[in-house]
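Going down the list, the protein sequences come from chains E and B.
Each step along the first sequence adds one to the number in the working numbering, with nothing skipped, and position 183 is 183.
Each step along the second sequence adds one to the number in the working numbering, with nothing skipped, and position 105 is 105.
Derived from the structure by calculation, the hints contain no laboratory data.
A virtual CB, placed ideally from N, CA and C, is assigned to each residue, including glycine.
Fair warning: there could be bad hints in the mix.
[As the list claims (entries may be wrong)] Below, a sample of chain E positions facing chain B; criterion: calculated Cβ distance under 7 Å:
1. Gln103
2. Trp107
3. Pro148
4. Ser299
5. Val303
6. Ser307
7. Met328
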Amino acid sequence: MMTDLTVGSLVEIPKSSLQQVVQILQDLGYRVIGPRVESEAVIYDDLESVQQIPVGVLDHQDGGKYRLQQTDQDAWFDYVCGPHSLKNFLFPPRQTVLESTRQDGVWEMKAPDVEDAPPLAVIGPRSCDLHALRVQDRVFLEGAYVDPSYQARREKLFIAAVNCRRAAATCFCHSMQTGPAVSSGFDLALTELDDRFVIEIGSQRGAEVMGGTDCSTSPPQNVQAARSVSEQLEQSMHDRSQHPPEAATGEPRGRWLDTSGIRDLLMHNLEHARWNEVAERCLACANCTMVCPTCFCSSVEEVADLSGDHVARERSWDSCFTAEHSTMSGGAVHKSTKSRYRQWLTHKLATWHDQFEMSGCVGCGRCITWCPVGIDLTEETAAIRADSTNPSPGQL
Amino acid sequence: MTQHAASSATDNPWIAHPATICSIRPETPGVATYELAFNDPDRQSRYRFLPGQFNMLYLPGFGESAISISSDPEEPSRLLHTVRVAGNVTGALARTHPGETIGVRGPFGSAWPVAEIRNSDVVIACGGIGLAPLRPVIYHLLRRRHEYGRMTLLYGARSPQDLLFADEWNHWRSEGLEMEVTVDRGDADWKGQIGVLPALFSRLDLAPERTTVLTCGPEIMMRFVISEALLRNISARRIYLSMERNMNCAMGFCGRCQLGPAFVCKDGPVFTCEQMQPYLHLEEF
Ligand SMILES: Cc1cc2nc3c(=O)[nH]c(=O)nc-3n(C[C@H](O)[C@H](O)[C@H](O)COP(=O)(O)OP(=O)(O)OC[C@H]3O[C@@H](n4cnc5c(N)ncnc54)[C@H](O)[C@@H]3O)c2cc1C
Ligand code: SF4
Ligand code: SF4
Ligand code: FES
Numbered sequence: 001m002m003t004d005l006t007v008g009s010l011v012e013i014p015k016s017s018l019q020q021v022v023q024i025l026q027d028l029g030y031r032v033i034g035p036r037v038e039s040e041a042v043i044y045d046d047l048e049s050v051q052q053i054p055v056g057v058l059d060h061q062d063g064g065k066y067r068l069q070q071t072d073q074d075a076w077f078d079y080v081c082g083p084h085s086l087k088n089f090l091f092p093p094r095q096t097v098l099e100s101t102r103q104d105g106v107w108e109m110k111a112p113d114v115e116d117a118p119p120l121a122v123i124g125p126r127s128c129d130l131h132a133l134r135v136q137d138r139v140f141l142e143g144a145y146v147d148p149s150y151q152a153r154r155e156k157l158f159i160a161a162v163n164c165r166r167a168a169a170t171c172f173c174h175s176m177q178t179g180p181a182v183s184s185g186f187d188l189a190l191t192e193l194d195d196r197f198v199i200e201i202g203s204q205r206g207a208e209v210m211g212g213t214d215c216s217t218s219p220p221q222n223v224q225a226a227r228s229v230s231e232q233l234e235q236s237m238h239d240r241s242q243h244p245p246e247a248a249t250g251e252p253r254g255r256w257l258d259t260s261g262i263r264d265l266l267m268h269n270l271e272h273a274r275w276n277e278v279a280e281r282c283l284a285c286a287n288c289t290m291v292c293p294t295c296f297c298s299s300v301e302e303v304a305d306l307s308g309d310h311v312a313r314e315r316s317w318d319s320c321f322t323a324e325h326s327t328m329s330g331g332a333v334h335k336s337t338k339s340r341y342r343q344w345l346t347h348k349l350a351t352w353h354d355q356f357e358m359s360g361c362v363g364c365g366r367c368i369t370w371c372p373v374g375i376d377l378t379e380e381t382a383a384i385r386a387d388s389t390n391p392s393p394g395q396l
Numbered sequence: 001m002t003q004h005a006a007s008s009a010t011d012n013p014w015i016a017h018p019a020t021i022c023s024i025r026p027e028t029p030g031v032a033t034y035e036l037a038f039n040d041p042d043r044q045s046r047y048r049f050l051p052g053q054f055n056m057l058y059l060p061g062f063g064e065s066a067i068s069i070s071s072d073p074e075e076p077s078r079l080l081h082t083v084r085v086a087g088n089v090t091g092a093l094a095r096t097h098p099g100e101t102i103g104v105r106g107p108f109g110s111a112w113p114v115a116e117i118r119n120s121d122v123v124i125a126c127g128g129i130g131l132a133p134l135r136p137v138i139y140h141l142l143r144r145r146h147e148y149g150r151m152t153l154l155y156g157a158r159s160p161q162d163l164l165f166a167d168e169w170n171h172w173r174s175e176g177l178e179m180e181v182t183v184d185r186g187d188a189d190w191k192g193q194i195g196v197l198p199a200l201f202s203r204l205d206l207a208p209e210r211t212t213v214l215t216c217g218p219e220i221m222m223r224f225v226i227s228e229a230l231l232r233n234i235s236a237r238r239i240y241l242s243m244e245r246n247m248n249c250a251m252g253f254c255g256r257c258q259l260g261p262a263f264v265c266k267d268g269p270v271f272t273c274e275q276m277q278p279y280l281h282l283e284e285f
């Protein structure tokens, strides 16, 4: 057992010892979540053991396409992000925010207890996911109001992140300064080598967990090998987005989002013809907002029992693509698909900067993959830039 | 301009606080004013609000609605909301009786800039229920009549029956508020103006450099009020408007009230025309 572990230390374990990490977390009372295959997609779900990690699975993603391939490689984490993100756990799709009880005609109102939920440990989030978490922190923790249930879950969250070795064609974290290397906000950061994980310790809790494993100090050549994983990937993502593969290869091109002056670019082109054009393809199905790890819109509904004396207010994910989202007594503000897509894209890439001093997009590509018709925000933004009615958008 | 309710670790901002309906005063067809008192005496005595702020009124089983506070901020113990029946929640509220409890969260949002506009001439231009969020301003200004210049209320409603707070007008006038009132459709007894509210601007003798405009009402009405005011060289910085958007949380969480860069619930509802100008002319924005 290593005792001199500190934040910033780099250690390594044989791959199979990842089970020790899971076990220690479980013994500490954590509910451990990790990547699993469900309905032909890699999602996050409860992990009893590392046996459930989809070893050898690769994902092929492109606009409107997601396909898994089982290979015989001993690669534990070479799929990238699937439809789930940390949002599913910290800001769950449905949750009760208030409970009211009527007794003798008088209502009592209280919030459900958030304290008793077990702390959550997540194995496998990528750099884009950690940046998305930062974005949701801004929304739920750092404004004038704090969302108590998000806060309770967030404070107890343990993160064992993974440095990607592979990117999907839909990934563009390298253009959003959100990846591919895991840079901060983790307890542990794993880099997979052929037969071992090199693990960077990011927090005291991370050190404590690793202290209980059979880890050893990582020798310089392995540290170097781990470092070059992210560097090489970033280079290849760059190459692939700048020099799209020949159509003949069947390889999808990589994505890239030019973020220079993007806030003004979009806000000065609110009446650009491209909004009409994309509206003809967009189904307003809201898939993009459901899979987006930063989208936070919700609606609150009343759920009453038969007596009407017990009423819960339930918050569930909502989307700016629905009519209800903008409905007032006089009707919806965003009636057309055009106005809804414009709300979505300008919020993600432009007004998010006004509201939260950061982009609402971390470049995970989920919205591209899960769009049934493959609408691609990098392409839509590039089209607006190519034909901007505001020729020189100011810098952000 | 933004004022936030204090939110501390112990204060879950989703919790609505039970309040008893003390009285219900019918105002005009479909509109009534509800006087509320928090059941918790401590909350009742601590509660303060600024003119223009709103509460989320909660009717369990029906939902929450954003409703402006229509009473005098300097009499916080007498908490009034003037509500027009628009649908589910407001309809359920209209079926309540004094003595029943509802839930209240708030106050939320930004306030009318009563301190910043001291010494200026003030034109309040509102339509229909839009007078409710401005009544606290009228009370505030009239209490300090000498601190402000000319005070004018331009008020419009669909018909003479829809004019709010008419029993207070004589008092307001006697305290120094000039009033111009118009209706879309008159009736046999109506001797006043007929026509849309923004047209009343032509009856005013304005000193634009000293004038502040406060407006609340349907968005289309506010757009015309703003163009009349701008046409008369009133600066966009001195025109304030209260915007309405769908609201589910009032805390910046639900995302529904977004209007460009702003969350109407926490950055507004009161904005300067300068802030809103890039967006007001856009359809479906
Ligand atoms: C800042 C602010 C202050 C307001 N002040 C007043 C006031 O003083 N007096 C008054 O009578 N009305 C006021 N309103 C309007 C009032 O909130 C709506 O009329 C009311 O929410 C309608 O709810 P409902 O369930 O009765 O109507 P419904 O039409 O049944 O509502 C249907 C759906 O639309 C939503 N919805 C409809 N209209 C609005 C709306 N305007 N804002 C948010 N959600 C809406 C409801 O949440 C619901 O989901 C104010 C609105 C805002 C934003
Ligand atoms: S907008 Fe698309 S690419 Fe950006 S964070 Fe959301 S899902 Fe990922
Ligand atoms: S407004 Fe649309 S883009 Fe913005 S957070 Fe909500 S659902 Fe996502
Ligand atoms: S009302 Fe929910 S964000 Fe403004």
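Index of numbered hints that the structure contradicts, given in increasing order = Per hint list: 1, 5, 6 violated.
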